[in-house]
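Asker: Protein sequence lines, in the order shown, are assigned to chains Y and X. Here numbering that gives the first Met the number 0 is used: position 128 in the first sequence is 127, and no number is missing along the way. Here numbering that gives the first Met the number 0 is used: position 9 in the second sequence is 8, and no number is missing along the way.
To be clear, the hints were calculated from the coordinates, so they are not data collected in a lab. For each residue, glycine too, the CB sits at the ideal point set by N, CA and C. Among the hints, erroneous ones may be present.
To be verified - Label pairs and their calculated CB-CB ranges: (1) X:Glu62 <-> Y:Ser569: 37 to 45 Å; (2) X:Glu62 <-> Y:Leu162: 52 to 60 Å; (3) Y:Glu745 <-> X:Glu14: 18 to 26 Å; (4) Y:Ala271 <-> X:Arg52: 57 to 65 Å; (5) Y:Lys697 <-> X:Glu46: 21 to 29 Å; (6) Y:Gly425 <-> X:Glu62: 53 to 61 Å; (7) Y:Leu621 <-> X:Gly50: 29 to 37 Å; (8) Y:Lys729 <-> X:Glu62: 35 to 43 Å; (9) Y:Ser414 <-> X:Arg52: 32 to 40 Å.
Said to hold, decoys possible - Quick list of in silico lysine-lysine cross-link-like pairs, DSS-like style, CA-CA up to 25 Å: (10) Y:Lys158 <-> Y:Lys119; (11) Y:Lys773 <-> X:Lys58; (12) X:Lys47 <-> Y:Lys707; (13) Y:Lys773 <-> X:Lys63; (14) X:Lys47 <-> Y:Lys773; (15) Y:Lys142 <-> Y:Lys122.
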Amino acid sequence: MNGGIVPCRSARRLYMEKYYRQYDTCRQNEKPFCSNACPFHVDVLDFQSRMENNNYNAAYKTFRNAVGFPDIVAAICPEYCASVCPRGDLDQAVQLNLLEKTCVARATKKEPTDYNVPVKDRKIAVIGAGISGLACALRLTQKKYDVTIYEKTDRLGGKLWDLLPPELFLEEIRRQLQFEKYTLRLHTEVESIKEIRNEGFEAIYIATGKDGFDFHALNGGNGHHRMEEEIAVFAGGSLTGKDPMGALADGLDMAGAIEVFLKTGKREYPEAAAPCRAVADPDKLKKTDAVIPGDSGLFTDEEAAAEARRCIRCQCDACMQYCDVCAYHNKWPMRIRDDIMATVSFSTSPSIIKKTPAKRLMNTCTQCGLCDEVCPENIEIGGMLLEARRSLHKQGTQPGAYHQFWLRDMEFTNSEFAALVRKAPGQEQCTYAFFPGCQLGAADPDYTYAPYKWLLSQRGDTGLLLRCCGVPAEWAGSEELHGREIAALHRDWEQLGKPVMILACPACRKHLMEYLPEIETISLYEVLDQWGYGPNEKGSALSEEERPDENQLAETYSIFDPCTARHVASMEQAVRNLANQSGVILEELPKGDMHGCCGYGGNVSAANADYAAFVAQSRSRLSENPYITYCINCRDIFKEEGKQVLHILDLLFGIKDADGTLPSLSERRRNRMNLKEKLLKEIWGEEMESRPKQSRYKLKFGAEILEKMNRNKILEEDVRDVIEFCEATKRRTYDPEKNAYSGYRESGNITYWAEYRLQGEEYEILNAYTHRMKIKLEGVWNGRKTNIDL
Amino acid sequence: MEEKPTLICDKCKVELVELEVEFSYLNRSFRHKVPRCPECGQVHIPEKLAGGRMSEVEKNLEEK
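Whole structure, please, built from the sequences with the hints as guidance.
Answerer: This is the structure in structure tokens:
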């Protein structure tokens, strides 16, 4: 048992560091396959989104930024990208070159920008005015370095004369270099560095073309470069065996390498691209035929947009697709990581400048665990978010109101009013014990009562344990409380004689397996399946009028596997077997069990109700079919959403859904007490002795106000506490216009307000609301302070 | 200007007046004028304030 161990501060930091380091391999910034294969690494994602909108001028800028001479590249690029495009295997690779050709033909603003950059007094020589040398000169002159180009012939362009009409490339070279100053020495063959050593050059780029002289720079170091006295000599382009596109790209890259040398004195030869680690999303890859351009050989606006749309924008974004936290907040995991680290580091800082941007965000994770499953690097975003909650809790800066409701709910479930640890009647030993979880009986006592009665009919020594598994404490980040809960659960299990626990709630099962691995568990559904629960037994535990109308059942259902049952094949299969036997037609969801939580997990709705609704809606739309699920929280959340849904126990035991509405939060508490009472009476023949003290005030709630209270997680007990307090102390205000009183009571991290009116013996509740701030006046009323002007 | 409804402190039987009250949340304190009994200090926070401005400030502080 490790639930009771609370890590010390330094261990806490190590946990955070472990999660932090996982992001080192995050592939968020990985280039798409096409960009990676492209010698220029064109930003294809950006280019395509602009082409899709027919924004040719913007697309042209993106293209030019990468290639230097767009018209030349569009004309002769052999489309390296086509061979790596994932579309290639399905229909036809996206025709990027055709899109580039369309782009340069349709763009109307092709003049380069004349940047006002200070002139730099650093001299660089470029030997060879072919495409590679010119590209290097272009980049360096744009940054206002003093560049001299030496060319042994009488013309610019080198190899381009063999490939393109001269008017095309000469015009393009003129256009792109029109604002830049450089010295051009035609008819000047340089045969050794010594010849130009006295010109004051700090670096020289050798681009003498295929079979040209290399000035002994080829393979001079880690790449093609060497030092000649104080001058750095880099070689590239066709001289190093590259094709024209590679040569052009080399020139651009070498300008960067030369700049690094000028700034730092280091010679860093550009490295070849590493293998691509992007991941194509197969879901986006739907067969779409390539767009064939008309006679002009170029795309029309519509065709360009259609072809750009064929690009599925490959990048590693499974997290953004699957993780609700990433999707809802529109934040990539690395950004979340940074926000978390800032929050954990600064949350105790008194400065209001240091923001803790992820306090709420970390409390919205449902802990469904899908993030690391879909991530090719298995980065545990959820693990980090939970660890961050623990850190904040330890620091005392976790907003208590986020989890107060569920922690109190857990406290009630484990109180004498609802908890029960019993061996089966007349039995000394339990081989098995039924552990239904805290929410099953709260939704309807029959969910627990009916299966337990059946289990007893099969195995007379099946014990019962009613309590909460303690997961709300874990979700709240409170390790101390969680440790106590786990220890208490362990004690109860020992008291029962260490039976195999039959669990109805997949979340309890997952939680127990993690924190109490010594307890052998099996799901209720596997037991029902294996012990031979048959359709003819339907409703056997319930009386005739308690059974539902069979005609209300739909025919076809989709199975919604709770996130906590993901990959638990035995449980998933058992539920399918049981449902099939019940005569309904089952369909799988499009992605089977690969989906997140229904929105209940992590107890997130107090931290961000809109987020919880977003998650619930996303899950309820996975299929038009009604769902069958086997987590009562999923059932409740979907029902709340208006989605037609059954718990598998509805189908098996015919639990009657009286008016189709969910019990209120207060009714859920009463259901837990009623369940305990019913079980004690029916199974053990005992009367329940402990019930909460009845209030002396008779409260009257309208339906509307109850609905509002439920929405805002205000229990009838909370309002009762306010009234009792106000009436006992007379600390209340009177509104003569409404003939109503109003008062409040602080309870933990929440202040509850109630407006009420006296009607004879009854207290009619007119309104109830809460806030999280504390009113600092307690000292005055308690007589500790006399100065009321605090 | 909209006239504020009269509220009476049930203990002191006097009208509540707009007075500054100190609030605190997540280790930060601030003051705001709310209806308050000038004698015993009993306050009244209308739902509009609790669900509006207060809730906004709470949300902001939760991210500060």
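Asker: Within 25 Å, alpha carbon to alpha carbon, are Lys773 (chain Y) and Lys58 (chain X)?
Answerer: Holds, at about 14 Å.
Asker: Would you say the C-beta atoms of Leu621 (chain Y) and Gly50 (chain X) sit inside 29 to 37 Å of each other?
Answerer: For Leu621 (chain Y) and Gly50 (chain X) the Cβ distance comes to about 33 Å; the hint holds.
Asker: So the hint says 21 to 29 Å: do the beta-carbon atoms of Lys697 (chain Y) and Glu46 (chain X) match that?
Answerer: holds (24 Å)
Asker: Assess, step by step, whether the Cα of Lys142 (chain Y) is no farther than 25 Å from the Cα of Lys122 (chain Y), and give holds or violated.
Answerer: holds (12 Å)
Asker: Using the beta carbons of Glu62 (chain X) and Ser569 (chain Y), state whether their distance is inside 37 to 45 Å or not.
Answerer: holds (43 Å)
Asker: Per the hint of 57 to 65 Å, is the separation of the Cβ atoms of Ala271 (chain Y) and Arg52 (chain X) within bounds?
Answerer: For Ala271 (chain Y) and Arg52 (chain X) the Cβ distance comes to about 59 Å; the hint holds.
Asker: Note whether the CB distance of Glu62 (chain X) and Leu162 (chain Y) lies within 52 to 60 Å or breaks it.
Answerer: holds (58 Å)
Asker: The hint says 35 to 43 Å between Lys729 (chain Y) and Glu62 (chain X); measuring C-beta to C-beta, is that right?
Answerer: 39 Å Cβ-Cβ, so the 35 to 43 Å window holds.
Asker: Taking only the CA atoms, is the gap from Lys47 (chain X) to Lys707 (chain Y) under or equal to 25 Å?
Answerer: Within the cut-off at roughly 15 Å; holds.
Asker: Given the range 53 to 61 Å, decide if the beta-carbon distance of Gly425 (chain Y) to Glu62 (chain X) lies inside it.
Answerer: With a Cβ separation near 58 Å, Gly425 (chain Y) and Glu62 (chain X) satisfy 53 to 61 Å, so the hint holds.
Asker: Going straight from one Cα to the other, do Lys158 (chain Y) and Lys119 (chain Y) come out at no more than 25 Å?
Answerer: violated (31 Å)
Asker: Quickly compare the C-alpha distance for Lys47 (chain X) and Lys773 (chain Y) to 25 Å and report which way the hint goes.
Answerer: Given that 25 Å is the threshold and the Cα spacing comes to 17 Å, the pair holds.
Violated hints amount to a single one, hint 10; each of the other numbered hints is respected by the structure.
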